[in-house]
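Now for the letters of each chain:
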Amino acid sequence: MKQENKTSTMKMMNGNEAVARGAFEAGVKVASGFPGTPSTEVMDYTQQRYPDIYCEWSTNEKVGLEVAIGASFAGYRSFAVMKTVGLHVAADALGGAAGSQINGGLVLVVGDDVGRIAGDDYNDVRHYGNMFNIPVLEPSDSQEAKDLMIKAFEISEEYSTPVIIKITSVICKTTSTVAIDESCTYTVKCRSKYKVSFSKVIMTTMMMNARGSEHPKLTKCFNDFPAHMKRLTNDCNDFDINKLELNGKKIGVITAGTPYYYTKEVLPDASILKLGLVMPLPEKLIRELAAHVDKLYVIEDGHDLLEKNIKDLGIAVIGKELFPKFPEMMRFTPDIIEEKLVPNAPKRTIIDGIPFRLPVSCAGCSHLFISEILRKHKIKAAADVTCGLIGCFPHMESYSLQKCMGSSIALAHGYNVATDHKENFVAMIGDGGFWATGINGLMNLIFNDSQSTTIIVDNSCLAMTGGQHIASSEFGFNYKPENKLEITKVCEAIGVKDIVTVDAYEFENLENAILNAVNANTNSVVIVKKPCVTKFKLPKSDPYCIDQDLCTQCRKCINIGCLAIESKKGKDGKVEIVINEDLCVGCGLCSTACKFDAIKL
Amino acid sequence: MQDTGKNLIIAGVGGQGILLFSNLLSKYYMKLGYELKISDVIGLGQRGGGVESHFRYSTKPVLSPFIKAGDVDFLLSFEQTETLRYLHCLKEDGIVFSSTFELSTSSVNTRLEKDMPESKTELIKQSKNKTFIINPDENKSTEFDISKMMNIVMLAIYAEFRGYEHDEMLQIVRESVPEKFVQGNIKAYEKGIEIARAEIK
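Order-wise, the sequence lines are chains A and B. For any residue, its number in the working numbering is found by taking its place in the first sequence, counting from 1, and adding 209. For any residue, its number in the working numbering is found by taking its place in the second sequence, counting from 1, and adding 38.
Don't read these hints as lab results, they were simulated from the structure. Given the structure is predicted, the values throughout are model-derived calculations rather than measurements. Glycine included, C-beta positions come from ideal geometry on N, C-alpha and C. Careful, some of the hints might be misleading.
[What the hints assert, rightly or not] Computed footprint of chain A on chain B, listed as stretches where at least three residues anywhere in the stretch have a Cβ under 8 angstroms from a Cβ of chain A:
| id | region |
| --- | --- |
| 1 | 87 to 100 |
| 2 | 121 to 127 |
| 3 | 170 to 181 |
[To be verified] Partial selection, computed: residues in chain A whose CB lies under 7 angstroms from chain B:
| id | residue |
| --- | --- |
| 4 | T467 |
| 5 | K473 |
| 6 | P543 |
| 7 | H604 |
| 8 | K777 |
| 9 | K780 |
[To be verified] Residues from chain A that face chain B, not an exhaustive set, calculated with beta carbons under 7 angstroms:
| id | residue |
| --- | --- |
| 10 | T383 |
| 11 | I389 |
| 12 | N443 |
| 13 | I563 |
| 14 | V569 |
| 15 | I767 |
Using the sequences and the hints, build the whole thing.
Dropping the structure here:
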């Protein structure tokens, strides 16, 4: 049973919650960022639990990181949170901060969707550690998530560098005990060591020993970041977050994150080097382990980065040759380690033929109305990163192009200029994507004289990540009605010629608005309004039902992609198309799609 | 002999209250002084996706947040397609509690793949493990909506099966759910005890 420290109580926390607690204990002043699964809740917990910390959801990840950098320069500890895909947007800002003078500790909390549990990306944030030469920390459970958050600020200030904390979809969604010192009070830390902080271009010039580089006006700008990193590389052999557990001599494992615990459970006799700091590497400890064991393995989630970096030190390790990465393996599990390293391990296999669950939109989602109209009229369109991207799935086929967040407007514009505007390729974008970066695409197409049509889905929040506020929401951490941005006004100001706003549930109006916009010889925006059904818990109307005598099973209603419409075996074993009345919100979209009047109230 | 710990998988689809179920149960084990790790694997944000929660309690520190296939003591499933997805994870003497509720999968609805020809309930019953099948349609009540509160019904069934203190569990429910839902939750819990007592003899 657990040992309870007298001054602390044990609390169950998930990784996101623990990171927020770490920020509080570290005396963070400013938290910024952009929602992204799995790390969105870091901000939610920080804002809810620790009102002394200034919190904001910024317009996008790059802005969020820049806010944190500014706060750090002012001397205050600050962090930015985002998912790895979001850091791609903010990478330029990170490149600017890397290698420059740091006053208040600057930490990036980045969520890696290990195992593609929440999305369709297979990124690894540690690449940014290698690319920008900045430290990366990786916790194995909630206790470490809290502790490493504090350590990250110490490293940031001591070695004058931004620090990344890699949290994964497993860490974020796993709840375990954390020792909390209830007497801990919030103390803001302020440290103003440097009067200037420039991106490293200037420092690099200095290092080239340009003439006059000894001048105090120049030396005050100089930050010897390679020396800082060299010192950290050396010091980290003695960090207690890098633990060398010498055990049996047969198997040695270098690991980090949750795979550490899979390893310990499956290979209790193995010698393990558990890294809390995954970049830079503690070379001395690695050599010590390598000398102790017959075979040395690397067990790491994500890409083969530890493996490559260790091999670069000239140390032989077994990694992806035994554990092939994506697409063979999405993420480590204790099962995979057992299968490969434990002789005669039992093998269990899943029953054949269990159907797969494709993502489906919520019943009554405004995106379903738009997808239906585009499909009905065979309008070619690009989707964005939004709940509406489900319309790209093979059962719906409403869109033919979809890329990153905020991209659809520029994608459609590119398509239209290349095809001389003969096809009226339409862009659909959510309000979140529009404010994040999509607005740039709209400004771009206006001043480049494009005639594209853009459908902006205004559901009053960032729905896909759970309903966080955006610039046009009527709620938010720092919300004031007078500061709410209006999509219509911004479109007008940018110079969009034709702007219409329609309610999503008024099917005919929406259909006409989209057709008019597409057929007009000018640029146009259709704003489709309907609050997110899930976030705002819209009141339900009476559910619809399908008259089985009239239903011909043409399946037009099924292709709408609504969660409430199911194809099921009836009592007599015959397949019927039915509406699940617990799920139906009574929006009536399916009744407009049925040609046989079989769907009724 | 003292219970040194067990591994549970709680499965179902989005919106069935699986996270609340794990949360309530974790509070019970916390009170008993166990170490816990609970890992909630949730798919895309939208409704109707599969949800699986790996729930481990032990007198010793819990290492892996995920339970290896073959190490599961109890599978508690709120949706029968999801029950089938985890049957292979059970120990030889592992026990299944499964609702007969079924949310058809989008891939079958849209004919991207064919449904299994067999009855899913029968497949579950035929497994080599001991199974308890709960049919929500046969246990409808005017006092609470079983389609929304299967999690609480299941909590009571599990508690009864394990011989846990219902008063203790109900206290946790009272402390954890919003006030306006407390009454319905208590009714659901009582229904669960009733179902369990009829099933478990």
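Hint check results:
1. 87 to 100: holds (count 5)
2. 121 to 127: That given contact holds, which follows from 5 residues of the region 121 to 127 of chain B lying within Cβ reach (below 8 angstroms) of chain A.
3. 170 to 181: violated (count 0)
4. T467: holds, 6 angstroms
5. K473: holds, 5 angstroms
6. P543: holds, 5 angstroms
7. H604: holds, 3 angstroms
8. K777: Hint on A/K777: holds, closest Cβ of chain B at ~5 angstroms, below 7 angstroms.
9. K780: Violated - the Cβ of A/K780 stays beyond 7 angstroms from chain B, reaching only about 12 angstroms at its closest.
10. T383: holds, 4 angstroms
11. I389: violated, 14 angstroms
12. N443: violated, 31 angstroms
13. I563: holds, 5 angstroms
14. V569: holds, 5 angstroms
15. I767: It holds, given that the least Cβ distance between A/I767 and chain B is near 5 angstroms, below 7 angstroms.
Violated hints, listed in ascending order, are 3, 9, 11 and 12; each of the other numbered hints is respected by the structure.
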